[in-house]
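> So the protein sequences, as listed, match chains L and E. Quick note on numbering: this note's numbering labels position 72 of the first sequence as 314, and the sequence is numbered without any gaps. Quick note on numbering: this note's numbering labels position 277 of the second sequence as 1183, and the sequence is numbered without any gaps.
These aren't lab readings, by the way, just hints derived from the structure by calculation.
Simulated coverage check for chain L against chain E, where a stretch passes if three residues somewhere in it have a Cβ under 8 Å from a Cβ of chain E:
hint, region
1, 345-357
2, 372-378
3, 393-405
4, 500-510
Calculated cross-link-like contacts (lysine to aspartate or glutamate; reagent style DMTMM-like; alpha-carbon spacing at most 20 Å):
hint, chain 1, residue 1, chain 2, residue 2
5, E, K911, L, E425
6, E, K911, L, D424
7, E, K908, L, E425
8, L, K253, E, D1094
9, E, K1157, L, D489
10, E, K908, L, E354
11, E, K1160, E, D947
12, E, K1157, L, D391
13, L, K253, E, E1086
14, L, K251, E, E1092
15, E, K1160, E, D966
16, E, K908, L, D424
17, E, K999, E, E1086
18, L, K251, E, E1089
19, E, K911, L, E354
20, L, K253, E, E1092
21, E, K1143, E, D964
22, E, K999, E, E1089
23, L, K386, E, D947
24, L, K253, E, E1089
25, E, K1046, L, E296
Cβ coordinates follow ideal geometry from the N, Cα and C atoms, glycine included.
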Amino acid sequence: MDEVSAAIKHKQRMYRTNAVIRYVIITVIAFIMMYPILWMIGSSFKTNNEIFTEIGFIPKHFDFTPYIHGWQTGTGYTFTTYFINTFKILIPKVFFTVVSSVLTAYGFARFEFPFKKILFSALMATMFLPQVVTMIPMYLLFRKLGMLDTYTPLIAPTIFATQAFFVFMLIQFLRSVPTSLDEAATMDGANSWQILIRVLLPILRPAIISCIIFQFVWTMNDFMGPLIYISSTSKFPVALALQMNMDSTGSVNYAQLMAMSVLAVLPSLIVFFSAQKYFVEGIATTGIK
Amino acid sequence: MKRGKIGLLYLLPWIIGLVIFTIYPFIAALYYSFTNYNMIDAPKWVGLQNYIQLFTSDPDFKNSLVATFQYVLLTVPLQLIFALLIAFVLNFKLKGIGFYRVAYYIPSLLGGNVAIALLWRLMFGSTGLVNQLLNMIGLKSVSWFSTAGGAMTVLTILKVWQFGSAMLIFLAALKNIPTELYEAAEVDGSSRFHMFFSITIPLITPTIFFNLVLQLINGFQEFNGPFLITGGGPLNKTYLASMFIYNNAFKYSKMGYSSAASWILFIIIMAVTGILFWSQKKWVYYSDEAGN
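Working from the sequences, and respecting the hints, build out all of it.
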């Protein structure tokens, strides 16, 4: 008996030591992972000299001058313009993505129709197809339509649920919703549109929220799209403005550059933290099942 | 039948989009790849000339393919190994796991932003954070952007840093492994190390496969890193394929030539993915008993 309890005690101690080791490892790695971001925030308050001599991320003074001067830029426009431009692209993109993806997912998840298998394979294929091939013909098409240097080429594809990732995520979610709900509503005389709007939409809320967050962050990060299509400085979104800033003022004042970089990632962070529960679930559901 | 028509109606926007934004540009790119097109004169049919030129007389293209393969072979395995190991550690019941999940995910969230590219340039600059750290532990500064290895390392670190999204997918798969399997193995006296390789890895091979395919496809198309951080340098050693395609199309207006390069990249990606799918039956276990 004693031997057994000693063995159990030994085991418990081992578990505890293991847990401590695990915490130490994941904390150290988390710190290393977060350090660049902390350093970016810290650097936005530092002088050039401090940036290049101090390893610590905490600045000596919290001076907001880099934010004020950085916001003005040397480009003829302030970041007010660039942020407004970003949101002019972002808001329609998010809206159209949600509407078109929900409709497509509903069609796939709840209806039987001819060629369904082929169409679904096409959907899955577009998720994996390298986008690099479509870039040039799309540019030439929008050029022919006279839409270069407008936001249309960036927004238009979202009207047609072109990002299969969102459709797939919503389909996965819809499949977990029992069809008995639809059937009950049909008995009550609801048509398929009413079922979608009244019954399924409220249930889909968490999945829709994760679509919104993903599209928000991806649009904030999108650099290549605006780089190809937008040529007037007055229409630049934040991503292009930052790059231009780097080339023009980068070597002069690093704090300003970092201050604007902090602001460029801030909206994504705010959106992520306000709904990170849905976001993390969203990735998990598309990855498996 | 009527219901079937309604279903197709809901798909209509997506079907139109599929034609305009996927099928059309794929075929059009193939057509342009057989032409010379500078956007001033009409496209002129030249047959296979662009392909022949790319392979026989354009060292930049060969260079870009070599650099792209190096980049993919470095970043994809490293990122997946990191993602899997961290997911494995996080999968044990630990308090405050939510915090770590978020902390590890944030780099994936922001990594594609221009702001992070700027940050990376600053961190790896001659007197930047990384060299300060090296000096602190008694090592010499490295001029990251003037050697091929240095520049590739900078890009690799940026990519591996973003292991969070792959990690979350792994974590979800690990949660599906029945704990009885581990308990049974423990009774048999298996070590943690042994369990990792004999239980965990085999059971999540479908997820490893999924992540591998996803990361490979992304890796082959990487653009922001080389374009914003290294500029393709030094001496074109980080001049990745997508940057080659971008430059030829939008800097030199060689639309046909660039389309040919994009089709070659597409075929390479499809071939690699194809090989992976073919190899699946050798190492990916789709079991019905576990993980449903």
